[in-house]
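> Below are the chains, spelled out letter by letter.
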Amino acid sequence: AQKVTQAQTEISVVEKEDVTLDCVYETRDTTYYLFWYKQPPSGELVFLIRRNSFDEQNEISGRYSWNFQKSTSSFNFTITASQVVDSAVYFCALRRNEGGGADGLTFGKGTHLIIQP
Amino acid sequence: GAGVSQSPSNKVTEKGKDVELRCDPISGHTALYWYRQSLGQGLEFLIYFQGNSAPDKSGLPSDRFSAERTGGSVSTLTIQRTQQEDSAVYLCASSLALRGVSDTQYFGPGTRLTVL
Numbered sequence: 001a002q003k004v005t006q007a008q009t010e011i012s013v014v015e016k017e018d019v020t021l022d023c024v025y026e027t028r029d030t031t032y033y034l035f036w037y038k039q040p041p042s043g044e045l046v047f048l049i050r051r052n053s054f055d056e057q058n059e060i061s062g063r064y065s066w067n068f069q070k071s072t073s074s075f076n077f078t079i080t081a082s083q084v085v086d087s088a089v090y091f092c093a094l095r096r097n098e099g100g101g102a103d104g105l106t107f108g109k110g111t112h113l114i115i116q117p
Numbered sequence: 118g119a120g121v122s123q124s125p126s127n128k129v130t131e132k133g134k135d136v137e138l139r140c141d142p143i144s145g146h147t148a149l150y151w152y153r154q155s156l157g158q159g160l161e162f163l164i165y166f167q168g169n170s171a172p173d174k175s176g177l178p179s180d181r182f183s184a185e186r187t188g189g190s191v192s193t194l195t196i197q198r199t200q201q202e203d204s205a206v207y208l209c210a211s212s213l214a215l216r217g218v219s220d221t222q223y224f225g226p227g228t229r230l231t232v233l
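If you're matching them up, the sequences are chains A and B in order. Going by the working numbering, the letters in the first sequence line up with residues 1 to 117, in that order. Going by the working numbering, the letters in the second sequence line up with residues 118 to 233, in that order.
For reference, chain B alone in the conformation it holds in the complex (with noise of 0.2 Å):
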């Protein structure tokens, strides 16, 4: 597609349940970015890849999340036994990423994540 996709859409779940939220970048973008935007915290940095390689991970929340991505394209992000503080709109964004080059950030929709 034209620009970068996220499903579901909308995900409601059970305290403790696990959740897989996907992310598909634009077609050719290198980098992929999560981040989590919520009412008390705005919007913040998760994680990025490279590749299929991540970098750098302190920016994940705690243990119970987790993120790949293969193939150079489509990434998931998983949390374990979600929590009520879990819940929030999950942002994914594509970018070129060209070495050396400052490049710009496309998001998608989100993934809009309720814990009951």
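So here's chain A without its partners, still in its complex pose (with noise of 0.2 Å):
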């Protein structure tokens, strides 16, 4: 079985702080798919990012990095110098990496990010 965990529920900071959202994910297979996903207010779900569990560099996408720890099951989330646009809540989620190239996310329950100006 699949799991992941984002033990933050909810993270409220200043504007321009930097902030780091934790994903620590559970599963018995060896190849997989790490996504992040956005939901703002509007509700509709962004994606983020993806990564694939044999790929473990970090990748940076302007004030967006990832950070993929194979050994210890992490794959986190750094927005620096945040903004109040960047308040939602984000999602970390696991897919399985099969043959057919399609299969259900397995999703953690989200931390809620408040941006104060």
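No lab work stands behind these hints, which were simulated from the structure alone. Incorrect hints may appear among the rest.
What the hints assert, rightly or not - Heads up, simulated SDA-like pairs for lysine to any residue below, C-alpha to C-alpha not over 20 Å straight-line: (1) LYS38/A / LYS128/B; (2) LYS109/A / ASP173/B; (3) LYS109/A / THR187/B; (4) LYS3/A / THR221/B; (5) LYS109/A / ARG229/B; (6) LYS3/A / ARG229/B; (7) LYS128/B / GLY43/A; (8) LYS38/A / ALA119/B; (9) LYS3/A / ASP173/B; (10) LYS3/A / LYS128/B; (11) LYS109/A / GLN158/B; (12) LYS38/A / ASP220/B; (13) LYS70/A / THR20/A; (14) LYS109/A / GLY176/B; (15) LYS109/A / SER155/B.
Said to hold, decoys possible - Just so you have them, the derived chain B footprint on chain A, three or more residues with Cβ under 8 Å: (16) 39–45; (17) 103–115.
Where a beta carbon is used, it is the ideal one built from N, C-alpha and C, also for glycine.
Join the two chains, each given in its own frame, into one complex according to the hints.
Spelled out as structure tokens, the structure:
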């Protein structure tokens, strides 16, 4: 069985602070995929990043960066110089690598990030 | 359209009635997924379609839930004899699902179902 844990239910920071959202996962699969999605108040889930289990390179995209550590089964997400528009619920998700290319995502419970002006 | 669309955006129904939720995937996406988001359970995967077939229906919460997809495009999720615990946001996603290649699921805006 797969499991994703986002221990931080809610984080509140002041604008311009850096913030890290934690994600720990469990899987018996040797290959798998990890994702982060953002859900702003409008409700639609917005894709942020996908990471393969065999690629442990960290990634940076603007103010966003992701740290994947297979040894600790973690895939943490950092926002640098946070902005009010970053306020949202962020979900970490896991998907097994099935040959068919399609399978459901296992989501964490989400972290509600509040950026105060 | 450019993204996944779902209808209706909101649905209020009475306990015991049947409801149909519709999902229109991104053009060209062969895989389609249904999820449910509720306060208590978070985001739950329900079912996916590869083309018109659903290989695994075990994620559906009960036999009151069914889903179909025709023509490799539009899908409907039907809930029969709705119960109050069915109240949730039902999300649909689609992906290219190329064999042997992971892909990304893109989500629609959801249908908020309220069962009175």
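> The structure should be examined with respect to each hint, and the outcome stated for every one.
So, going through the hints one by one against the coordinates:
1. LYS38/A / LYS128/B: violated, 24 Å
2. LYS109/A / ASP173/B: violated, 23 Å
3. LYS109/A / THR187/B: Given that 20 Å is the threshold and the Cα spacing comes to 32 Å, the pair is violated.
4. LYS3/A / THR221/B: holds, 19 Å
5. LYS109/A / ARG229/B: Satisfied, since the Cα-Cα distance of roughly 19 Å is no more than 20 Å.
6. LYS3/A / ARG229/B: violated, 26 Å
7. LYS128/B / GLY43/A: holds, 16 Å
8. LYS38/A / ALA119/B: OK: LYS38/A and ALA119/B at ~19 Å, within 20 Å.
9. LYS3/A / ASP173/B: holds, 19 Å
10. LYS3/A / LYS128/B: Since the Cα atoms of LYS3/A and LYS128/B sit roughly 31 Å apart, the hinted pair is violated (cutoff 20 Å).
11. LYS109/A / GLN158/B: Distance ~8 Å between LYS109/A and GLN158/B Cα, so the pair holds.
12. LYS38/A / ASP220/B: holds, 17 Å
13. LYS70/A / THR20/A: Satisfied, since the Cα-Cα distance of roughly 18 Å is no more than 20 Å.
14. LYS109/A / GLY176/B: Holds, at about 18 Å.
15. LYS109/A / SER155/B: The given pair, whose Cα atoms are some 10 Å apart, holds under the 20 Å limit.
16. 39–45: holds (count 4)
17. 103–115: holds (count 8)
The structure shown violates the earlier hints numbered 1, 2, 3, 6 and 10.
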